[in-house]
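Peer 1: Line by line, the protein sequences give chains A and B.
Under the working numbering, the first sequence has 22 at position 22, and the numbering climbs by one with no breaks.
To get the working numbering, take the position in the second sequence, counting from 1, and add 238.
There could be a bad hint or two in this list.
Claimed, not checked - In silico DSSO-like cross-links for lysine-lysine, where the CA-CA straight-line distance does not exceed 30 Å:
1. 138/A - 176/A
2. 77/A - 240/B
3. 273/B - 240/B
4. 169/A - 190/A
5. 275/B - 176/A
6. 176/A - 273/B
7. 240/B - 89/A
8. 240/B - 99/A
9. 155/A - 310/B
Claimed, not checked - Chain A regions said to be covered by chain B (calculated; three or more residues, Cβ under 8 Å):
10. 86–94
11. 172–184
Unchecked claim - If the Cβ cut is set under 8 Å, some of the chain B residues that face chain A in the computed set are:
12. 305
13. 320
14. 369
Since the hints were made in silico from the structure, they are not lab data.
Glycine included, each C-beta is placed from N, C-alpha and C at the ideal position.
In case you want the letters, here they are:
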Amino acid sequence: MSRVYSSIEDALDCIRDGMSVMIGGFGGAGAPIELIHALVDRYKATGSPGNLTVINNNAGNGAVGIAAMIYAGMVAKMVCSFPRSTDPKAFTDAYLAGKIGLELVPQGTLAERIRAGGAGIPAFYTPTSYGTQIAEGKPQAEFDGRMYVQERWLKADVALIKADLADRKGNLTFRKAARNFSPLMAMAAKTTIVQASRVVEPGDIDPEHVVTPGIFVNRIVEVANPQQEEALLRGGAK
Amino acid sequence: MKKLSNAQIAWRAAQDLPDGAYVNLGIGFPEMIAKFKPEGREVVYHTENGILDFGEAPPAGEEDWDLINAGKKAVTLNPGASFFHHADSFAMVRGGHLDVAVLGAYEVAENGDLANWSTGPGSVPAVGGAMDLVHGAKQVWVVTDHVTKDGKPKLLRQCRLPLTGVGCVTTVFTSLAVIDIVDGHFLLREKLPGMSLDELQALTEATLRVNGTPKDLIVPEL
């Protein structure tokens with residue numbers, strides 16, 4: 001059974017209304033622009049998939065990537081740590097108008113919740129947010145004389161990931177700091193969909209260099225010379 | 239009244255960076271500290287988005303936007319740098335592996351409580367990595383003006399704004415003084431030489447304790 005798809009549209013065909021979608025990337029580094037925009041195009045053409053919960057560190061910048069999803073009206077809720085950017089208008093306007101929900105999660109807690117989701121750990125305790133608004137309503141406990149807050153795992157229906165190399169068995173490498181949340185999200189989603197700059201044969205990636213093992217990857221599509229979100233924004237993309 | 243510029247506050251904080259330290263500098267003002275690191279001291283900088291040992295910004299036109307810091311600014315790598323995913327990055331933070339984290343502040347309380355993420359209702363809340371950073375590093379420093387833009391104290395008995403962390407700050411470098419937080423109190427370490435203790439206290443809500451005579455806070459013109 002091949003995981004390699006020849007078209008982006010086919011690779012994304014499992015995404016339905018109301019799903020939770022983890023999207024890799026931190027700012028522009030690692031944002032799977034081609035996957036996101038194919039999904040936006042499908043929504044504009046067919047009205048689906050809408051009502052999505054999107055999980056990312058940020059909440060879009062300018063009018064590309066996640067911001068384009070928000071402008072299109074297909075996002076019901078963002079789960080993120082930092083819904084600000086150099087140009088956060090898409091999210092800010094929708095949020096202040098009450099058109100989009102926000103679950104604010106401290107960045108390290110977001111990463112660990114996703115890791116826990118992928119690792120089969122339903123909850124864990126962290127010192128982060130103890131004594132703050134973020135901890136209100138959550139179970140708390142003392143360990144070795146210090147207070148900790150219980151946080152629950154975070155899973156998703158789908159993860160959209162940008163990798164550098166992928167082999168046909170799903171093993172992935174990433175480029176520089178574009179790695180960020182992607183290896184965690186690949187573990188935590190029922191279906192992990194990867195755009196890779198190059199798809200190679202099994203064995204072409206040295207097993208010592210594999211960052212995400214293929215067991216976490218379901219669908220791969222090659223996108224050679226992918227767009228970089230920050231470069232697009234600085235190039236004046238609308 | 240004369241007070242230190244942000245660059246001078248950053249310079250003063252940089253003088254306390256321990257040799258061999260792993261350090262996370264918050265987005266914005268704290269990032270300036272790197273510029274003033276004393277010669278001969280080796281410091282390894284951590285950024286939440288998965289790099290250890292990044293260096294200065296590249297020349298304009300040579301940016302690689304997959305090589306950025308937590309402020310989404312382009313950086314370069316020093317020899318010996320490494321990449322890692324976000325869960326490992328915050329294991330470094332929460333696991334107590336960082337020596338120093340430096341943040342900005344809206345308010346600091348005498349027990350070390352910090353408020354720096356929310357000015358209350360009516361804005362879009364954004365916390366980023368601050369709530370994790372304040373609970374991981376061995377030392378948590380704040381760099382800040384001593385008072386707000388309209389002259390009100392920022393060093394308080396209790397924070398009024400939503401907290402980032404409880405009892406987490408260890409030292410505050412302000413535009414007027416260097417203050418350590420010891421046993422739930424502000425302990426004045428250094429103050430501007432032109433200023434009396436009473437003058438400084440008048441701009442500080444919580445009581446400044448003094449152990450002997452505070453040293454003069456002396457920084458170069460920058």
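Peer 1: Please go over all the hints and tell whether each is borne out by the structure.
Peer 2: Right, here's what the structure says about each hint:
For the suggested pair residue 138/A and residue 176/A, the alpha carbons sit about 36 Å apart, so the restraint of at most 30 Å is broken. Between the alpha carbons of residue 77/A and residue 240/B the distance comes to roughly 48 Å, so the proposed pair goes past 30 Å and is violated. Taking the CA atoms of residue 273/B and residue 240/B, the gap is about 23 Å. The hint holds against a cut of 30 Å. Proposed proximity of residue 169/A and residue 190/A is supported: the alpha carbons are some 17 Å apart, at most 30 Å.
Restraint check for residue 275/B and residue 176/A: satisfied, since their Cα atoms lie roughly 26 Å apart, inside the 30 Å limit. Between residue 176/A and residue 273/B the CA atoms are separated by roughly 24 Å; this keeps the pair inside 30 Å, and the hint holds. The straight-line distance between the Cα atoms of residue 240/B and residue 89/A is roughly 39 Å, outside the 30 Å bound, and the hint therefore fails. With a C-alpha separation of about 48 Å, the suggested pair residue 240/B and residue 99/A falls outside the 30 Å cut-off, and the hint is violated.
For the given pair, residue 155/A sits about 26 Å from residue 310/B by alpha-carbon distance, which is consistent with the 30 Å threshold. Counting residues of the segment 86–94 of chain A whose beta-carbon sits less than 8 Å from any beta-carbon of chain B gives 4, enough to reach three: the coverage restraint holds. With a threshold of 8 Å between beta carbons, the proposed coverage of the segment 172–184 of chain A by chain B holds, since 11 of its residues qualify and at least three are required. At a threshold of 8 Å, the smallest CB-CB gap from residue 305/B to chain A is about 5 Å, leaving the interface hint in force.
Annotation: interface hint on residue 320/B violated; nearest CB of chain A at approximately 11 Å, more than 8 Å. Hint on residue 369/B holds. Least Cβ distance to chain A is approximately 4 Å, under the 8 Å limit.
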